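Number of protein chains: 2
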Amino acid sequence: MSLRHAVLGMLADEPGSGYDLLKRFERAMASVWPATQSQLYGELGKLEAAGMIRVLAEGPRGRKEYEITEAGLEELRHWLIEVEPGGPPRSATLLRVYFLGSVAPDQARGYLASMGESGRERERRLEELETTIDWGEDNQSLYGRLVLEWGKRFSVMQREWAEWAVKQVE
Amino acid sequence: MSLRHAVLGMLADEPGSGYDLLKRFERAMASVWPATQSQLYGELGKLEAAGMIRVLAEGPRGRKEYEITEAGLEELRHWLIEVEPGGPPRSATLLRVYFLGSVAPDQARGYLASMGESGRERERRLEELETTIDWGEDNQSLYGRLVLEWGKRFSVMQREWAEWAVKQVE
DNA sequence: GTTGGACATGTCAATAGTGGAATGTCATCA
DNA sequence: TGATGACATTCCACTATTGACATGTCCAAC
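Chains as they are written, first to last, in the working numbering: chain A, 1 to 170; chain B, 1 to 170.
There are no misleading hints in this set.
SDA-like cross-link-like pairs, simulated, lysine to any residue; straight-line CA separation at most 25 Å: (1) A/Lys152 x B/Glu149; (2) B/Lys152 x B/Glu137; (3) B/Lys46 x A/Arg90; (4) B/Lys152 x B/Pro89; (5) B/Lys152 x A/Val156; (6) A/Lys152 x B/Gly119; (7) A/Lys152 x B/Glu170.
In case anyone wonders, no lab produced these hints; they're calculated from the structure.
Treat the numbers as computed from the prediction; the structure is a model and nothing was measured.
Please take these sequences and the hints and turn them into a complete structure.
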């Protein structure tokens, strides 16, 4: 149910068309809340029908630029502040670890090692990303940096855990 | 698509009925791969039709005890070893952080503080859980411990990050 | 003996997410 | 002018997930 809020959040930052939002989903949101084009346009239609967003302007090629309405802002704030966050999300990665007893120990170690490797890889990519972006003093930058830092810490944790885990299996 | 593999993994450990598996989903798997009863029975039907599990025995009250077949084991191993793990899962929590600019700074700080709090809480629960379970020397225990340790490290990371993040917003 | 709770499965409707096809517009460059 | 590629939306079929409802059995306690 959070695709809705992702869309509202982006439009709260600045107005845009479905196409614009799609680009933002591919770039900034890819590792937080991926969404496909069909989902996105569907949600835009529903949000407009619900009066949470409105067409600000129509452009060439049928482009419809949306902006958030007062009702939409209210829904966004309500979700941010008043709605209880859910539990931890599904993790196919951990699910595998759980069942690693079904394969030979050296294969299990191999899998754990590759988890460590992907943590390292992710760490590297995030650090590179950090230098690429030109951070301003605005809110967007502030909270974007918090999310990025979360990702970095997560990656480090995963790498360290995987190194520890490989030793446990020996 | 991993509900299927969660079911196969549990049946690879030991045979059981849908009801048994449901209990295991509620207990051990709740924070890794939650599943509802309707999903579970549906998946059992599909897996049986696909020849990956088979009815081992029928008990009272229509109870059907399933066991994994050779084909099922093969599918499980294939998924464990050969299938590329997907990217990071959706995180409604981080999505919120990303949009925290839409509310007042003190509300944002409040939200971050509550994330730290829930990290602490989770840490506590997991440590309690660790002392509750009697760990054996079997595979089940070994890999279960790895998952538990992952959860603990994750919780610590989240708490530390949240404390850092609150300071950033000040 | 009856009643309440654990055992046990099945089905349904609604929403969320995936992946791809179809369609068309506009700007630029050779 | 013709081709290409970015822009832009709509629709469809399929699978996954949620939540609720329906149905019935067995056991123990009162």
